[in-house]
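Full structure from sequences and hints, please.
From first to last, the protein sequence lines are chains A and B.
Counting from 1, position 20 in the first sequence corresponds to residue 21 in my numbering; the numbering is continuous, with no gaps.
Counting from 1, position 55 in the second sequence corresponds to residue 555 in my numbering; the numbering is continuous, with no gaps.
Worth flagging that the hints you see were computed from the coordinates, not collected in a lab.
Please note that the accuracy of each hint is not assured.
[As the list claims (entries may be wrong)] Ranges of calculated distance between the beta carbons of each label pair, as one might list FRET restraints:
#: 1; chain 1: B; residue 1: Thr-589; chain 2: A; residue 2: Arg-56; range: 16 to 22 Å
#: 2; chain 1: A; residue 1: Leu-80; chain 2: B; residue 2: Val-639; range: 47 to 53 Å
#: 3; chain 1: A; residue 1: Ala-90; chain 2: B; residue 2: Val-639; range: 45 to 51 Å
#: 4; chain 1: B; residue 1: Asn-543; chain 2: A; residue 2: Asp-93; range: 28 to 34 Å
#: 5; chain 1: A; residue 1: Glu-36; chain 2: B; residue 2: Val-639; range: 21 to 27 Å
[Unchecked claim] Computed from the model, here is a short list of chain A residues facing chain B with C-beta under 8 Å:
#: 6; residue: Val-10
#: 7; residue: Ala-13
#: 8; residue: Lys-31
#: 9; residue: Ala-45
#: 10; residue: Glu-67
#: 11; residue: Ala-70
#: 12; residue: Pro-82
#: 13; residue: Leu-103
#: 14; residue: Asp-106
The C-beta atom is built at its ideal place from N, Cα and C for all residues, glycine as well.
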Amino acid sequence: MLGCGKDIVESAGVPRFVFSDFPLGNSCGKPFDLESQRGILGTALDLLESARSPRTTVQTPYRWAEDAAWKRDFYRLDLTPEQIANARAEMDKQKATLAAKLSAD
Amino acid sequence: MTTTEAPAEFIEATLDLPVRYIDRSRAHYLSLGYDNPYQWAHNLDVPFTPMKKPVSEARIAIVTTAAPYKPELGDQGPWAKYNADAKFTRVYSTPIDPAPDLRISHIGYDRKHTSAEDVNTYLPLQRAKEAAAEGRIGVLNERLYAVPTLRSQRLTTERDAPKVLDHCREDRIDAALLVAT
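This is the structure we're talking about:
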């Protein structure tokens, strides 16, 4: 498994996990950055052979940015009432769309 | 900023820790007024199979959660907003040559910091083809598999995962690279 959500993947439990401490959506490397993309795939291939037991996590050495400020921004908890209302309306819409797709399936 | 000055919800940024998505999504759902926050998967038993041959002699497949681009389903990026219409509901497989146009607008990734402009950030197909050409991978499986993201552990474990396993056995692959998005 290649991923960026360490707690989610480790809670689910997988045989081998290559963790990159990047924003969700970048499990395979940084955009337009061959070094991290090659390095992460290489780490995954190495781990296939080197792991000896389940739940083996390897963290790749790459940094998303010099500082870690991006970690504040996903699901921020300091929303205004208006932002909360908008987020709730959007989430309700998404749930309805998914439910319609599943019932039509 | 020191640890004691930092608001608790920003502790990951302050100490540069991995983001606690489970805690944060739970708090987020509750703050929106839902009383049933998402239950993340938690397995006590995790399987493990050692490789029986070197990767350089193995057949390797990619498993993705990305969706085929369908222009009629609205904006699918880069920079697309979350697009539930672009979700797919069944496991599919697709040839890797020519490279399929797969997108992730239907997934809740970090939209402030992630553009999804470069497919190689969420689908390692091109890099894996290069690794196969260099001999690092024995054979890259001629098709990849995709798993839908439906917020249902039951569908994933009882319906979709067995389907992917069937594909893996049909293709006689030795190992799969699962990419979480």
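**Message:** Output the indices of the hints that this structure fails to meet, ascending.
**Reply:** The structure breaks hints 1, 10, 12; every other hint is satisfied.
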